Amino acid sequence: MKISFHGADQGVTGSCHQIDCAGKRILIDCGMYQGGRELAEENAEPFGFDPESIDYLLLTHAHLDHCGRIPLLVKRGFKGEIITTSASLELARLVMLDAAGLQEEEARYQARKAKRHSGKSHTEIEPLYTTLDALNSLDYVGRQASYDHPLEVAPGIRATFLDAGHILGSASILLELKEDGKSHRILFSGDLGNSGNRAILRAPETPPDVDTVVMETTYGDRLHKQLEPSIEELYDAVNTTVSRGGKVVIPTFALERAQEILYYLREGLENGKIHHYINVFLDSPMAISATEIFRRHPECYDTETLKISRDGNDPFNLPGLHFTRETAESMAINNIDGGAIIMAGSGMCTGGRVRHHLKHNIWDKKNSIVFVGYAARGTLARRIIDGAEKVRIFGEEFPVNADIYTIGGFSAHADQAELLAWHKETGNPATTYLVHGEETSMQAFSKLLTDTKVVMPRLGDSFEL
-1 MKISFHGADQ GVTGSCHQID CAGKRILIDC GMYQGGRELA EENAEPFGFD PESIDYLLLT
59 HAHLDHCGRI PLLVKRGFKG EIITTSASLE LARLVMLDAA GLQEEEARYQ ARKAKRHSGK
119 SHTEIEPLYT TLDALNSLDY VGRQASYDHP LEVAPGIRAT FLDAGHILGS ASILLELKED
179 GKSHRILFSG DLGNSGNRAI LRAPETPPDV DTVVMETTYG DRLHKQLEPS IEELYDAVNT
239 TVSRGGKVVI PTFALERAQE ILYYLREGLE NGKIHHYINV FLDSPMAISA TEIFRRHPEC
299 YDTETLKISR DGNDPFNLPG LHFTRETAES MAINNIDGGA IIMAGSGMCT GGRVRHHLKH
359 NIWDKKNSIV FVGYAARGTL ARRIIDGAEK VRIFGEEFPV NADIYTIGGF SAHADQAELL
419 AWHKETGNPA TTYLVHGEET SMQAFSKLLT DTKVVMPRLG DSFEL
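Heads up: the sequence shown runs through residues -1 to 463, numbered per my numbering.
No lab work stands behind these hints: they were computed from the structure.
It is possible that some hints are incorrect.
[As the list claims (entries may be wrong)] Within a straight-line C-alpha distance of at most 20 Å, the following computed EDC-like cross-link-like pairs (lysine to aspartate or glutamate) qualify:
no., residue 1, residue 2
1, K357, D309
2, K422, D161
3, K445, D219
4, K422, E265
5, K113, D131
6, K0, E40
7, K176, E423
8, K422, D209
9, K113, E103
10, K180, D209
11, K77, E103
12, K305, E265
13, K451, E462
14, K0, E50
15, K180, D161
16, K305, E268
17, K364, E231
18, K451, E423
19, K0, D48
20, K363, E394
21, K180, D18
22, K422, E395
23, K180, D219
24, K22, E265
25, K357, E297
26, K0, E124
27, K73, E43
28, K176, E203
29, K445, E462
30, K0, E43
31, K176, D137
32, K73, E124
33, K271, D207
34, K77, D161
[Unchecked claim] Estimated spans, in silico, between C-beta atoms of each pair:
no., residue 1, residue 2, range
35, A42, G140, 44 to 54 Å
36, G46, L304, 33 to 43 Å
37, K388, P206, 43 to 53 Å
38, K388, T301, 16 to 26 Å
39, D234, H320, 16 to 26 Å
40, R456, A415, 19 to 29 Å
For clarity, every value in this text was computed on a predicted model and none was experimentally measured.
C-beta atoms are modelled at their ideal positions from N, C-alpha and C, and glycine is treated no differently.
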């Protein structure tokens, strides 16, 4: 039995871990690196293993940094079985197709740019993978997992998906391994949700006792703001901005965060904490489709959201809500003088329509930019949050005159205290591998783990279990 690491090594993207047991090779996730051009180029590098040799891929959840290289894996020879939850499958399909479209668009842009500079066509510029590659990868989806129901992946390998409370369908994965008369229980946390009374989803499930833990450390060095003050801060940002005739731009992750913000905006209007009628634009085809998928999976809801749904109400609908799928509809939002909320992707401002809305609004003192999620190093969102006076968008420099809000309480990730509490429930694992976190975060969290051997693996590291 062996484990090796092929992503999210002292970084927060590119999750990919490999288990070798009983003559089978299993991947836990196959995510994309995100954050800058250097990381984008890293996505095209070899995986560190032969894709054709992988028998199974178990997907914890549908965020791009966990599923984004699956089409590339298939393109390079994977012919095994992909196993995940029903909700994760629907969301992953959406995420991978969206990523393929963006990569095709980027490849066309780079080809045009190269032609302008040289005067010749450059046919060698290709996307990492295409829409067809993404569709082909779905052919390898096999069994769908249900929470808490053990699934025999192969002889000697049993997997149990546990509710991770991170996004719809997200899971921690317990692997029970047997080989040559030895048994080993290893638990992959996936991304763990914030259990602080958040809307929509249940809190992460209590983990079982195991021999080895592989866990994320995104917020291993800090505590979140409390949720209730964060909701109030959102309402205050909206009321303050709208009262002066401005617009609120919310860079929004399409999965979970968009639906959560819609949920709280609806509540704010219903209870009078938002003082004005406001046009709310969900300007993200992907977030719109994700919201529709959320509506189809009430089995993932917490008690309160399930009750709203069963009472015949839509927890994600509110007066003045507009879904803008078409590009022309998105462009028309720029003609509105004020009194509007614009929710657009991506959450880290690395692409998507939000960059256009920042271009049109970040320079105006009447407006506000409200960040409600994590921003990795090297992203436009992180530069704005860190206090940049000017930012470059589409080759132009714009002064950052809009009010900038950073509201941490909406995080879909567990904070340091929650991560520590989750780990304590795993018993006394002999070894804990820390992944999916920046180096400073991992180091801070590692100091709190006193009853286990802590390892912070590097890319390509391999260990016997």
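Now the hints, each set against the structure:
With a C-alpha separation of about 41 Å, the suggested pair K357 and D309 falls outside the 20 Å cut-off, and the hint is violated. A threshold of 20 Å between alpha carbons decides the hint, and for K422 with D161 the separation of about 17 Å falls inside it, so the pair holds. In summary, the hint linking K445 to D219 is supported, as the alpha carbons are separated by about 10 Å, within the 20 Å threshold. Between the alpha carbons of K422 and E265 the distance comes to roughly 35 Å, so the proposed pair goes past 20 Å and is violated.
Taken as a hint, the K113 and D131 pair is broken in the structure, with Cα atoms around 26 Å apart against an allowance of 20 Å. Proximity of K0 to E40 is assessed by CA-CA distance (about 25 Å); at most 20 Å being required, the pair is judged violated. For the suggested pair K176 and E423, the alpha carbons sit about 23 Å apart, so the restraint of at most 20 Å is broken. As the CA atoms of K422 and D209 are separated by approximately 13 Å, the hinted pair is consistent with the 20 Å bound.
A hinted pair counts as satisfied when its Cα atoms are at most 20 Å apart, and K113 with E103 qualifies at roughly 15 Å. Taking the CA atoms of K180 and D209, the gap is near 12 Å; set against the 20 Å cutoff, the hint holds. A distance of roughly 27 Å separates the Cα atoms of K77 and E103; the hinted pair therefore is violated under the 20 Å criterion. A C-alpha spacing of about 15 Å is found between K305 and E265, which places the hinted pair at or below 20 Å, so the restraint holds.
Proposed proximity of K451 and E462 is supported: the alpha carbons are some 14 Å apart, at most 20 Å. Our distance criterion of 20 Å between C-alpha atoms is met by K0 and E50, whose separation comes to about 18 Å. A distance of roughly 28 Å separates the Cα atoms of K180 and D161; the hinted pair therefore is violated under the 20 Å criterion. For the given pair, K305 sits about 17 Å from E268 by alpha-carbon distance, which is consistent with the 20 Å threshold.
In summary, the hint linking K364 to E231 is supported, as the alpha carbons are separated by about 17 Å, within the 20 Å threshold. Taking the CA atoms of K451 and E423, the gap is about 16 Å. The hint holds against a cut of 20 Å. For the given pair, K0 sits about 16 Å from D48 by alpha-carbon distance, which is consistent with the 20 Å threshold. For the given pair, K363 sits about 18 Å from E394 by alpha-carbon distance, which is consistent with the 20 Å threshold.
As the CA atoms of K180 and D18 are separated by approximately 14 Å, the hinted pair is consistent with the 20 Å bound. Simply put, K422 and E395 have alpha-carbon atoms about 48 Å apart, too far for the 20 Å limit, and the pair is violated. Between K180 and D219 the alpha-carbon distance is near 36 Å, which puts this suggested pair outside the 20 Å criterion. With a CA separation close to 49 Å, the supplied pair K22 and E265 exceeds the 20 Å bound.
In summary, the hint linking K357 to E297 is not supported, as the alpha carbons are separated by about 40 Å, beyond the 20 Å threshold. Restraint check for K0 and E124: not satisfied, since their Cα atoms lie roughly 35 Å apart, outside the 20 Å limit. Taking the CA atoms of K73 and E43, the gap is about 13 Å. The hint holds against a cut of 20 Å. Simply put, K176 and E203 have alpha-carbon atoms about 25 Å apart, too far for the 20 Å limit, and the pair is violated.
A C-alpha spacing of about 24 Å is found between K445 and E462, which places the hinted pair above 20 Å, so the restraint is violated. For the suggested pair K0 and E43, the alpha carbons sit about 23 Å apart, so the restraint of at most 20 Å is broken. Of the supplied pair hints, the one linking K176 and D137 is violated, its CA atoms being roughly 29 Å apart against a limit of 20 Å. Annotation: proposed proximity of K73 to E124 holds, straight-line Cα distance about 13 Å (limit 20 Å).
For the hint linking K271 to D207, the alpha-carbon distance of about 44 Å lies beyond 20 Å, and the restraint is violated. In summary, the hint linking K77 to D161 is not supported, as the alpha carbons are separated by about 27 Å, beyond the 20 Å threshold. Between A42 and G140 the CB atoms are about 27 Å apart, so this pair departs from the stated range of 44 to 54 Å. Our hint of 33 to 43 Å for G46 and L304 holds, since their Cβ atoms are close to 42 Å apart.
Distance hint for K388 and P206: a CB-CB separation of about 51 Å, consistent with the stated range 43 to 53 Å. The given range of 16 to 26 Å is broken by K388 and T301, whose C-beta atoms sit roughly 47 Å from each other. Here the CB-CB span from D234 to H320 is close to 23 Å, well matched to the stated 16 to 26 Å. For R456 and A415, the Cβ-Cβ distance of about 27 Å falls inside the hinted range of 19 to 29 Å, so the restraint holds.
When held up to the earlier numbered hints, the structure conflicts with 1, 4, 5, 6, 7, 11, 15, 22, 23, 24, 25, 26, 28, 29, 30, 31, 33, 34, 35 and 38 and fits the remainder.
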